[in-house]
Structure formats: C-alpha cells, structure tokens
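2 protein chains.
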Amino acid sequence: MSVTTILQSAKQAAPALGRANTKQKNELLALIADALETNSNRIIEANQVDLAKGTANGLTKGLLDRLTLTQERIQGLASAVREIIALPDPVGELVRGRTLANGIRLAQVRVPFGVVGCIYEARPNVTVDIAALAIKSGNAAVLRGGSAAEQTNKVLVSVIQSCLAGAGFEAAAISTVDEYGRDGAVAMMQARGLIDVLIPRGSANLIQTVVTESKVPVIETGDGIVHLFVDESADLEKAVPIIINSKAQRPSVCNSLETLLVHEAIAQDLLESLIPAILDAGITVHGCWRTQELIDCVPATDADWATEYLSLDLSVKIVANMDEALEHISRYSTHHTESILTESIANADRFLLEVDSAAVMVNTSTRFTDGGEFGFGAEVGISTQKMHARGPMGLAELTSTKWLIRGDGQIRG
Amino acid sequence: MSVTTILQSAKQAAPALGRANTKQKNELLALIADALETNSNRIIEANQVDLAKGTANGLTKGLLDRLTLTQERIQGLASAVREIIALPDPVGELVRGRTLANGIRLAQVRVPFGVVGCIYEARPNVTVDIAALAIKSGNAAVLRGGSAAEQTNKVLVSVIQSCLAGAGFEAAAISTVDEYGRDGAVAMMQARGLIDVLIPRGSANLIQTVVTESKVPVIETGDGIVHLFVDESADLEKAVPIIINSKAQRPSVCNSLETLLVHEAIAQDLLESLIPAILDAGITVHGCWRTQELIDCVPATDADWATEYLSLDLSVKIVANMDEALEHISRYSTHHTESILTESIANADRFLLEVDSAAVMVNTSTRFTDGGEFGFGAEVGISTQKMHARGPMGLAELTSTKWLIRGDGQIRG
Numbered sequence: 001m002s003v004t005t006i007l008q009s010a011k012q013a014a015p016a017l018g019r020a021n022t023k024q025k026n027e028l029l030a031l032i033a034d035a036l037e038t039n040s041n042r043i044i045e046a047n048q049v050d051l052a053k054g055t056a057n058g059l060t061k062g063l064l065d066r067l068t069l070t071q072e073r074i075q076g077l078a079s080a081v082r083e084i085i086a087l088p089d090p091v092g093e094l095v096r097g098r099t100l101a102n103g104i105r106l107a108q109v110r111v112p113f114g115v116v117g118c119i120y121e122a123r124p125n126v127t128v129d130i131a132a133l134a135i136k137s138g139n140a141a142v143l144r145g146g147s148a149a150e151q152t153n154k155v156l157v158s159v160i161q162s163c164l165a166g167a168g169f170e171a172a173a174i175s176t177v178d179e180y181g182r183d184g185a186v187a188m189m190q191a192r193g194l195i196d197v198l199i200p201r202g203s204a205n206l207i208q209t210v211v212t213e214s215k216v217p218v219i220e221t222g223d224g225i226v227h228l229f230v231d232e233s234a235d236l237e238k239a240v241p242i243i244i245n246s247k248a249q250r251p252s253v254c255n256s257l258e259t260l261l262v263h264e265a266i267a268q269d270l271l272e273s274l275i276p277a278i279l280d281a282g283i284t285v286h287g288c289w290r291t292q293e294l295i296d297c298v299p300a301t302d303a304d305w306a307t308e309y310l311s312l313d314l315s316v317k318i319v320a321n322m323d324e325a326l327e328h329i330s331r332y333s334t335h336h337t338e339s340i341l342t343e344s345i346a347n348a349d350r351f352l353l354e355v356d357s358a359a360v361m362v363n364t365s366t367r368f369t370d371g372g373e374f375g376f377g378a379e380v381g382i383s384t385q386k387m388h389a390r391g392p393m394g395l396a397e398l399t400s401t402k403w404l405i406r407g408d409g410q411i412r413g
Numbered sequence: 001m002s003v004t005t006i007l008q009s010a011k012q013a014a015p016a017l018g019r020a021n022t023k024q025k026n027e028l029l030a031l032i033a034d035a036l037e038t039n040s041n042r043i044i045e046a047n048q049v050d051l052a053k054g055t056a057n058g059l060t061k062g063l064l065d066r067l068t069l070t071q072e073r074i075q076g077l078a079s080a081v082r083e084i085i086a087l088p089d090p091v092g093e094l095v096r097g098r099t100l101a102n103g104i105r106l107a108q109v110r111v112p113f114g115v116v117g118c119i120y121e122a123r124p125n126v127t128v129d130i131a132a133l134a135i136k137s138g139n140a141a142v143l144r145g146g147s148a149a150e151q152t153n154k155v156l157v158s159v160i161q162s163c164l165a166g167a168g169f170e171a172a173a174i175s176t177v178d179e180y181g182r183d184g185a186v187a188m189m190q191a192r193g194l195i196d197v198l199i200p201r202g203s204a205n206l207i208q209t210v211v212t213e214s215k216v217p218v219i220e221t222g223d224g225i226v227h228l229f230v231d232e233s234a235d236l237e238k239a240v241p242i243i244i245n246s247k248a249q250r251p252s253v254c255n256s257l258e259t260l261l262v263h264e265a266i267a268q269d270l271l272e273s274l275i276p277a278i279l280d281a282g283i284t285v286h287g288c289w290r291t292q293e294l295i296d297c298v299p300a301t302d303a304d305w306a307t308e309y310l311s312l313d314l315s316v317k318i319v320a321n322m323d324e325a326l327e328h329i330s331r332y333s334t335h336h337t338e339s340i341l342t343e344s345i346a347n348a349d350r351f352l353l354e355v356d357s358a359a360v361m362v363n364t365s366t367r368f369t370d371g372g373e374f375g376f377g378a379e380v381g382i383s384t385q386k387m388h389a390r391g392p393m394g395l396a397e398l399t400s401t402k403w404l405i406r407g408d409g410q411i412r413g
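Residue numbers (the working numbering), protein chains in the order written: chain A, 1 to 413; chain B, 1 to 413.
Just chain A, with the same shape it has in the complex:
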C-alpha cells in the first residue's frame, strides 16, 4: 500500500467514526483497553526488537526508558484508555446558539475534525493515547511514531485495528505510516484535503520542522522557557515552596520553571530563605552578576536565559523593578507559562494583563499548566500557538464546529 492509499483510507473511514454515538465509541475503547492487556506478550516481544535495535544504535538511557513497555506500563496504557471512556463526548456539544429575528434557529455545535495526524518520536504510549483521544472525539488518526518504536507501534496499531474491525468500523480509521520512514512524515505534511490537522509532539527540532514545512494546518505544541517573578511584596512562606515545586517536582517537563526573576528589594531575603531548599532539592543555580554577589552559584551567560534546561538547573536574575521583569519575559519567554508571586493586587493584575502566554499565574506553581490539573481528564498536548487552541488541549480541542441552521422557508431580503 502507498502512503497516499493509507491517507485516503483513513479519510474514507473517518465519517463513520464521526457519526458514531458515545456508546459505540466507548464500547470500541473498552475493546481496545482489553485487547492491549490480552496482547501484552505480543506487544512486549515487538518492543524487545525495538529496544535491541535502539541499544545497538546507541540510544540514550532516557530514550530507551521512554521506549520501553513492560506488563505494568501496558496495564497503565489500558487504564488510560478506560479513563477516556469516562470523559464526556465533545461531539455535538452546543457552543453557541440563538434564534434570529426572522425565526431562523442557529446552533454552533462541535464536530470531529475528520482526520487528525500526529508526528512524534519513540514514545509508544503516544500511539495509544492519540488513538484513544481521536476515537473519543470522532476522528480518524494517522500516526507517524518514529523509526525507533516502529515494531512496537506496528503491533499496537494492529491491535487497535482489530478492535475497530470487531466493532464494525473500518480498520484504516487508525493507521500508521511508520514503514515509510521520513517519507511518511513528508507525505503527511503535504496531505491537504486528506489530513485536517497535524499535531507534532516531541523535540523542538521536530516541531519546528513540521510547523514550517507542513501545508496542512498544524497545532504547535512547543517547549517552555517558563518564568516566575517574585515581586517585592511576595510572601516568602508561599514563595519558597512554589519555586521549589515549580522547578523540582518534575524538571523534565515543559511546565517546569527555568528562570526565576527576583525584585531587588526582596532578593537577599528570598535567596537566603531559598538556599536550604535548593540544596535539599539538588538544584544548580545559574545566577546573574547580582545573584552571584548574594549566593554561591554558576555564573549565568546570555545563553542561560534562552535555555529550556529540563533538568535541575535554574537561572536566577535580580531585576530592578517589574518593568525589567516584564521585558525579560517578553524577550525570552516561549509563551507557555509565566507566574508572579505577589501580595499586590495591582502587580498581579498588570502581570495577568501584560504577559502574553498560554497560562499566566498568580501565586501558584507553574506545574499547574496541565490538562489533568485543569480537569480536562486527558491531554493531547500543550499548545503554544494562538490559533484554535492555546494551553492544555483536551478532547474539545480535537474538534471543529459546524453551524446548523434551521428555518421554515426564510429567504434573504
């Protein structure tokens, strides 16, 4: 089969999934959750092939870990699918509606996109996640999961396709183009009219390639150079746990803190209070010259301000005032998440108004920018673009809308 045939088959399979009611989609998801468990040995066998190849190719320990599926992790994948069953169906949700003066009834309702494409790297859990989210939102999905996980993804998709066929849907509704390597990804980016929206997930490099090369509309899920500004009125008893939580609770993810900005009037007190917690958490501070005068730290260079560490490193800059903090954020932020710690309502309001990011916070940990924490129940990714979806994306963000217009013979005057 050619890539184009796969894409066309996915498009043809999409309407039936789009029209399926919630009960039918949930029954399909239940089949998939069960099939993942009953096929776990087969999945692990395929995964072993990928792991052996990855080891031979010198993949890093971190990548090998993300690639690995165990009985326990497969159980986790099945549980994630079952959690999606419990979520409300976004399809058919009324977004807006009104009756016009002439009696025409307008209703804007959510409808599936049609075919969702996802390009990602070496994380077999994304295969199951995106397939389940696509099914629940009535979409077909075409997946390109990276050559490192090719054998694992092949088995996962074949398990899902068996369930689709068993539930009376076309198997092609969830397809992979992994076997075509990079050509598969290129074909997806060219597939105007076949793929309705493309979501890249993975490294900044992968995302940039897709965003700039794709002719299909893309939802950009970007990296996070996340800032936290401690103003002069901040409450130190709140500040220390928020900073440590923002940085250290899970440093490898996009909503973790990278740069701490501190008002000069509170810098000495704050940094003194922070030191024990920083040492305790194993955080390495990269400090500006003023920070260097107050605490032991690695001298920060300009490159630090533009770095998403994704590790227990933290750059710290002392600023003269809020203007300087906002300028720094405006220059270096990736528009993901920014937080202010303040007891001043005026400063909080100014920060909320002026910072142009997907999530802007007052007195909370930056780790809260998360679909699960927002109550979405599942997360497709975190959008850092401004079109269609911004911030954590749940099932609703995998839908478009349609205007239903009901009349009784009206014509336009």
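FYI, nobody ran anything at the bench for these hints, they're computed from the structure. One or more hints might be untrue.
In silico DSBU-like links for lysine-lysine, alpha-carbon gap of 35 Å or less [stated by the list, open to error]: (1) B/K11 with A/K215; (2) A/K215 with B/K154; (3) A/K215 with A/K11; (4) A/K11 with B/K215; (5) A/K154 with A/K53; (6) A/K215 with B/K23.
Being a predicted model, the structure only gives us computed values, none of them experimental.
Knowing the structure of chain A, use the given hints to seat chain B on it.
Using the frame of chain A, we list chain B on its own:
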C-alpha cells in the same frame, strides 16, 4: 524602511492596542470615521490615479468597479467603522472558568492575537474594514492590498495612521507593505514570530498560494460551490422562492447557490414550478441528462459540478435518492454552505449530521451564511477551514485566548 522593519514596528505597536480599553479603542475608531470623511477628496484623488492605471492596464469592468471610491462609498466606509464602534469588545470576554478542588481559580479569557496580516486584492474597502476590525479586537494589522489599489490604500493607511498617532498609539499599528509588491506578500508569509495569523481574501488562486506557501498560521476563507438538495417531501411553495433567492439575490458572492440537486420523485413538479421564476430572474440552467428531458437547458458537463459560477448560472442534477445527493455533495462541495429542502424530520437530521460544511441548513436560503445575518455585526470573512474558525468570522474570531490562573500558594502534589 524595509519590510522587516515594518513588520517589527507593527509587532512593537501591538501590545498598547491590545491593552487599550473599549472606550479608548472606540474613540480611535470615531476619529478614523471622521477622518475618512474629511479626507475624502484626497482619497478620491489617489483613487483616480489607480483607476487611470487600471484602465490603461485593461482591468475588467468588474474589477474597476470594485476599485472605485466615490464620496458616497467613502461615506459608506465611515458608516461601517461607526457600526464597529457599536459592537461589543471581544477582548476580556470570559470563555470558560472554574475553581479547582485546591482553590485555584481558572479563567480562559479572549485576548488579541497580536498582529493580524491580510493579503487581498484591489478592494480598498477591505483596507478600512480590516483596520477597524483589528483595532476593535485589540490587534495591530499589516495589510497587503494589491498593486492595483496601491495609491488609494496608501492614502487610506496614512489617514488611519494619523488617527492612531492622534489618539496616542503608534502609527505602525496599522501598516501596509504594498510598496514592496509581491515581495511584501512573501515577507508576510515568512514572518513567523512577527505576524500571528494571516487572512487571505480574494480569488481562489490567491488563497491557495497563501495557504500552501505561508509559514505563518492562516485562516482560509474559501470559495463556495454551494448545494441545495430538494428531497421528495419538500414543500414546493417554500422551495421556489428559496432556490431563486439562493441563486439570484446576489449571484457574485460565495454563499450563493451553484448546484441544485433534485430528488427524482419531485423533479417534474419542482422544475415546472421553477421555470417561470428562472426565466424571470434570468437564470441559465446547466442540466444533467435527466433535467434535459424535462426542461430546456444547457447540457451540463462534469466541469459544471466543480464550478463556482458567481453568475446567474445554475447547474441542476436529478438524483435517485438522498444517498446520491450526499455523495455528490461530498465529492464537489467546498464545505462552505449546503441546504436541504424537506418536510421530513429524519431527512433533515440526516443531512445536518452527514454534510461536512461550515453551514448546513434546513429549509432556508443559502444566502444566510453571513456574519451580518448571524448577528456578528461585522464580518472578517467566511472561513472554510476547520481550525480556529469555521463559517462567518466576527470580532471574536480575531482573538486568541489566555488562561488566567489565580492561586494562594498552591503547589502540585
């Protein structure tokens, strides 16, 4: 000044407009409406230069007409700006909000995109329209209006820029790159990070170029091969006026009817009832072979089904059943507007569910797919894509959103 400087200046000017309150923006719009009127002679002078050039270059009568500004039309532009003053400000509108179990208050509010780009052709009214809509929604705008209207647009933008400066905003907030010709358009399509969203308005050719070449996110405003299906249960007394209104009320626009699909059981009755109205309206029917057996008409070829006439031509096809109608629509529709005329609730529901278009109608004229008719008060265009906006776009569609997250020391467990 280079194109890049213009784009950078627009980006720098955007935040002040984004933060301006409704009163400030409305005062600016009132200044612009007045200035259009007081500068009407200057505008008409520049317009005469464009018209003379257009005549020399052999522009069609239609294009010359769209290019022409008269005192009356300038008065119309000023009135349109004043109507935008009266519309609600979309910025700050609460989209969703909730308080999480941990006490964090989440609010998703509308915020301006930042910089909106518009690429269009030889319609100076779009210059004023987009500028006013951008200002009301807190956005800066960069405009590329086509060489045919270059002198007119230059004066219009300079009038608007004087008003911006007079109201304390940076003049660069509304800018044109017309002087750079095609290079200006190319620079806009490359301007990731400077332009947040690009809206092409004009010919199918222009839109296709922008959609496939742009590296900036695009909202596609497409053409309409609009279908109307008359099923066997349709009420002929409603059907005739709806069909004539859909086709003939304003045939040159995207929501006018192009293809009439008729169930075979009602074909003879319907076409007989239609003939006098068709003759009266001056409509030319391009009929399928079965239509040719019933009425005098031009034989339709396959090309007719794929043609947006934008004239008093109408293709007519007799179908055996609703399946055939839906298949025809699925094959030839541009996903703009489709309508069914029926008295059967089952057929209406099936049509509303299965037709995948921005607007799907029952028993109304297709001409109702319109921002004004929907009560939006102003229309940026009609989106035929599925991301961000679908169907008529008002001020809300010129905004993104931002999550405001207010806490009191919460950290993630």
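Decide if the proposed pair is consistent with the structure: A/K215 and A/K11, CA atoms, cutoff 35 Å inclusive.
17 Å, holds
Does A/K215 lie within 35 Å of B/K11 when you go C-alpha to C-alpha?
The given pair, whose Cα atoms are some 25 Å apart, holds under the 35 Å limit.
Given the hinted pair A/K11 and B/K215, is their alpha-carbon gap at most 35 Å?
25 Å, holds
Hint check: A/K154 vs A/K53, CA-CA at most 35 Å. Holds or violated?
It holds: about 15 Å lies between the C-alpha atoms, which stays within 35 Å.
Given hint B/K154 paired with A/K215 - CA-CA distance at most 35 Å:
With Cα atoms ~32 Å apart, A/K215 and B/K154 stay inside 35 Å; holds.
Restraint check for A/K215 with B/K23, where alpha carbons must lie at most 35 Å apart
Violated, at roughly 40 Å.
The earlier numbered hint that this structure contradicts is number 6, and it is the only one.
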